[in-house]
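K.L.:
Take a look at the letters that make up each chain.
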Amino acid sequence: MKVLVAVKRVIDYNAKPRVRPDGSGIDLTNLKMSMNPFDEIAVEEAVRLKEAGIASEVVVVSIGPAAAQEVLRTALALGGDRAILLQDDAEVQPLAVAKALTALCKREQPDLLILGKQAIDDDACQTGQMTAALLDWPQATFASRVEIAAGRAQVTREIDGGLETLDLALPAIVTTDLRLNTPRYASLPNIMKAKKKPLETLTAAELGVDLAPRLKTLKVVEPPKRGGGVIVADVATLVDKLRNEAKVI
Amino acid sequence: MAVLVIAEHDNATLKVATRHAVTAGREMAQEVHLLVAGQGCAAVAEQGARLQGVSKVLLADAAVHAHASAENLAAQVLALAGQYTHLVAAASATGKGFMPRVAALLDAAQVSDVLAVETPDTFVRPIYAGNALATVQSPDPVKVVTVRTTGFDPAPDGGNASVEAIEAVQGDARVRFVGQEVTLSSRPELAAARVVVSGGRGMGNGGNFALLETLADQLGGAVGASRAAVDAGFMPNDYQVGQTGKIVAPELYIAVGISGAIQHLAGMKDSKVIVAINKDPEAPIFQVADYGLVADLFEAVPQISGNLG
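Chains as they are written, first to last, in this note's numbering: chain A, 36 to 284; chain B, 51 to 359.
Chain B extracted, bound-state conformation (with noise of 0.2 Å):
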């Protein structure tokens, strides 16, 4: 028996949470396989066919699956889920939102946000904001699982999967897709990123970003936010780090005028190195700190841009 990934995309490329969810999935059965929903998405099927560790890839192209809809993503998962052991998807956005519905109809309870799987029927997850890791076990014989992509390393290229076009689901009339917006950016994407430079509320206003947008784009990495800055209208919601956004595990975190509320380091205490600019000695952020600046961040952060020029 097998485990069946499904992909995450956007009809073109397929994201690197995608690599992550294979690497764990590997990690819970010998056979992966997995699933590209989609619309116009042949180009998604070949990356995927291409990951090591992938033995086949399914591929459902057609209108329903253009928007990656819950509903019309949980059913094709649903007539796909007799012949595996496992599903498995990242804990993303569009994870988190059809995972419960495919795991509520195979009446099974689904293991959210997966650091690491210790046998393929027991998992370790983190649970009230990264303060405690519990490990559970699933009795169920299809295990639904989403993984949090900073605890599996991506998967490489070098595999040469076969690609089975496969029959797509009813689509679900009731949903219509309106619109979306999306913010787009040059640097990396946050929840991959080798280096996040993140701001708080400290920055004062949005306009003063520039000065964490030069020093990211000096180190080749992405900008992120405090709760409180996005709240502020500082940055957009989907910059946001912490129990509630994004959760990141770079090389390099630089906290710049960011406290360090528990909801806030629920999303990057795993960073490998943390730095913290505070003018605030007592923040709390410089507990979690392996090299702290009290400093004005107007003055430290343009200084270090210079460092490093």
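Bound-form chain A, shown alone (with noise of 0.2 Å):
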């Protein structure tokens, strides 16, 4: 079974994002970038897949700038087989990704795709989904596990009030939510090995697809700051506070 993973390269989840004053974006200058977490997971789940003899192969994808070679590498390092960069560097939107991803899958017709359930830049969480649905696959989103056996996956979902069990007919996509696993850490006879797999780079017009932003983003502004707080002395001052100050209790 063929196992193909998406990966964005997206600001490292610990580093604070600057709105660029003119209100056009967010300043990524001299930021930390790394592999969307949600992604990483995605990468260990296929790897794990591969490890239990169920994948044959995994094979890595992205779409981004040339620097997102560095995140497939990485996805290498953690036990991909090979890699595929679509370069472009413009902005591209989950559509655009879904599209370019639904003309991969049908040149590489995995069995499994598996993503990251949202990238924590634009947190829209709309990738996997429109995928599954231009392929005409079944889904299971937000998985904390996952169980391939005799053609199907069953797949446990994180929903709003518990937990849910699915059971789908491979081909199938499967976003991942954060409880699926904890990924490894690349060592570094394994990120030297990376260098030498094989990683395919194409252009969205190689594959026939266009990866023009449908949604115009008009501005970018910070978030409305909180007035500055106090610190109380004790626990009487505070439910006294919150009674007749600010009057929530």
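Treat the hints loosely; a few may be bogus.
Once the Cα atoms are required to be at most 35 Å apart in a straight line, the calculated DSBU-like pairs of lysine-lysine come out as [what the hints assert, rightly or not]:
{"#": "1", "chain 1": "A", "residue 1": "Lys282", "chain 2": "A", "residue 2": "Lys260"}
{"#": "2", "chain 1": "A", "residue 1": "Lys85", "chain 2": "A", "residue 2": "Lys37"}
{"#": "3", "chain 1": "A", "residue 1": "Lys67", "chain 2": "A", "residue 2": "Lys51"}
{"#": "4", "chain 1": "A", "residue 1": "Lys254", "chain 2": "B", "residue 2": "Lys322"}
{"#": "5", "chain 1": "A", "residue 1": "Lys67", "chain 2": "A", "residue 2": "Lys254"}
{"#": "6", "chain 1": "A", "residue 1": "Lys260", "chain 2": "B", "residue 2": "Lys322"}
{"#": "7", "chain 1": "B", "residue 1": "Lys329", "chain 2": "A", "residue 2": "Lys67"}
{"#": "8", "chain 1": "A", "residue 1": "Lys282", "chain 2": "B", "residue 2": "Lys329"}
Because the hints were derived from the structure by calculation, they are not lab data.
No experiment lies behind these values; they were computed from the predicted model shown.
Two chains, two frames, some hints: make the complex.
P.N.:
This is how it looks when you write it as structure tokens:
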């Protein structure tokens, strides 16, 4: 069975994004960039499927600038077999990514496509579902457990009231929640080996997809700042202030 | 032309998230219709018909919709999409699951987690864990929008819409529902509670959450947790507040033993009043708290309960 994993290069989750003063977007200059945390979990899950003898090949793909090669190399160091970069410098939005992943899935014919449930930059939470729709594949989003057997995937999902389990016919799409697994660290020998693994670079034209953004961003601003609070001396003062000043209890 | 809001429910009760979505829908167009897709959910359609601002309820009552499967729900919405300018759902786990499928099949770019409607085609949404607000414009003929419920007031009762039964779509046989485990709680729903008392890693273990449960019950509130507390197994996943959990904006949010990582702040910083109780005076949570108490939570929380009693 072949597994395709989609990964995105985003601002590191610990870095604090700065809004550009002219409201045109986020200034990413000199900020640390990393693999989207949900995508690390997706790679880990695919590698575990390979280690369990269920997956035969793990192909990692990314869409973004040349620097996205770094996150693909990371994914290869974690256990991916080969990588594909669809190189494009413009802002890519979920619908365009879904179309590109659809084209890649038609070319690669995986049995399973694993993605993170959302990217921590655009927070859209759309790409997996959109790709499933365009491929007309079933989907299991927000997965916290995946079991593959006999051409089907049994997936436990995190829903608002608890957990739900679905059983899907393959090929299918799974998006990962944080609790699916704990990603491993890449060892130095594996990082060295990853440099020799194949990494193919494509353009949108070669793949026959249009990556132009559809939604127009008119402006980006900082959220309203909260006024400075006070430190209270003791519990009695706290309760008094909540009761008589804030009037919330 | 009208807006179609897709109702969220458990086949018996309309979830409050739908009320917020109806308010958002009314800011996009004059006329709002509500789709209730489920099984044995006539009572939900009646509740929907009473919402102020809803002029028609479409009821697709069929076995294919028993568990709100994303594939079937998306197909049902798609069959109706041509009659609407906007398709709107709450940005809940269900809404996040099926709406992008609808958008892709309409070749529309979905606008996720909308906090405000500026014009019928221009919306404000948070990005980067709520560290920035983007104003985006959609050129699509049918706008597909999920709304963050904390951005809109809940639509009150007071309407009297007609209920029209519609034909359900064919089910997708490739997906089978196996089962679900629902966390039972007598407290108000986390996302809709007026007061939320949340615990973090500082709680030490799951048993200590009883302290927070006592306080929450005294205040008529819900209990939440940080990701650290959930990952440590103190509380189930669906208690998590944050970028990857639930987004809450209660009147009063009490953060107990929570440091205040940006991913947690993303889920609660729109609360009206924030209280932080932490023994570390340097904890980032104090930068957003209206009232901070530097104290050992194991002493402070029972004292607060005692003061309220």
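K.L.:
Between Lys260(A) and Lys322(B), is the straight-line Cα distance small enough, at 35 Å or below?
P.N.:
Satisfied, since the Cα-Cα distance of roughly 13 Å is no more than 35 Å.
K.L.:
Lys282(A) and Lys329(B) were given as a pair; does the straight-line alpha-carbon distance stay at or below 35 Å?
P.N.:
holds, 25 Å
K.L.:
If you draw a straight line from the CA of Lys282(A) to the CA of Lys260(A), is it 35 Å or shorter?
P.N.:
Status holds; Cα separation ~22 Å.
K.L.:
For the pair supplied as a hint, Lys85(A) and Lys37(A), confirm whether the alpha-carbon distance does not exceed 35 Å.
P.N.:
With a Cα-Cα distance of about 9 Å, the restraint between Lys85(A) and Lys37(A) holds, given a limit of 35 Å.
K.L.:
Decide if the proposed pair is consistent with the structure: Lys67(A) and Lys51(A), CA atoms, cutoff 35 Å inclusive.
P.N.:
Given pair Lys67(A), Lys51(A) holds - Cα atoms ~10 Å apart, limit 35 Å.
K.L.:
Tell me if the straight-line CA distance from Lys67(A) to Lys254(A) falls inside 35 Å.
P.N.:
Distance ~24 Å between Lys67(A) and Lys254(A) Cα, so the pair holds.
K.L.:
Just to be careful, I want the Cα atoms of Lys329(B) and Lys67(A) compared with a cutoff of 35 Å; is the pair within it?
P.N.:
Given that 35 Å is the threshold and the Cα spacing comes to 31 Å, the pair holds.
K.L.:
Decide if the proposed pair is consistent with the structure: Lys254(A) and Lys322(B), CA atoms, cutoff 35 Å inclusive.
P.N.:
It holds: about 26 Å lies between the C-alpha atoms, which stays within 35 Å.
Comparing the model with each numbered hint stated earlier shows that all of them hold.
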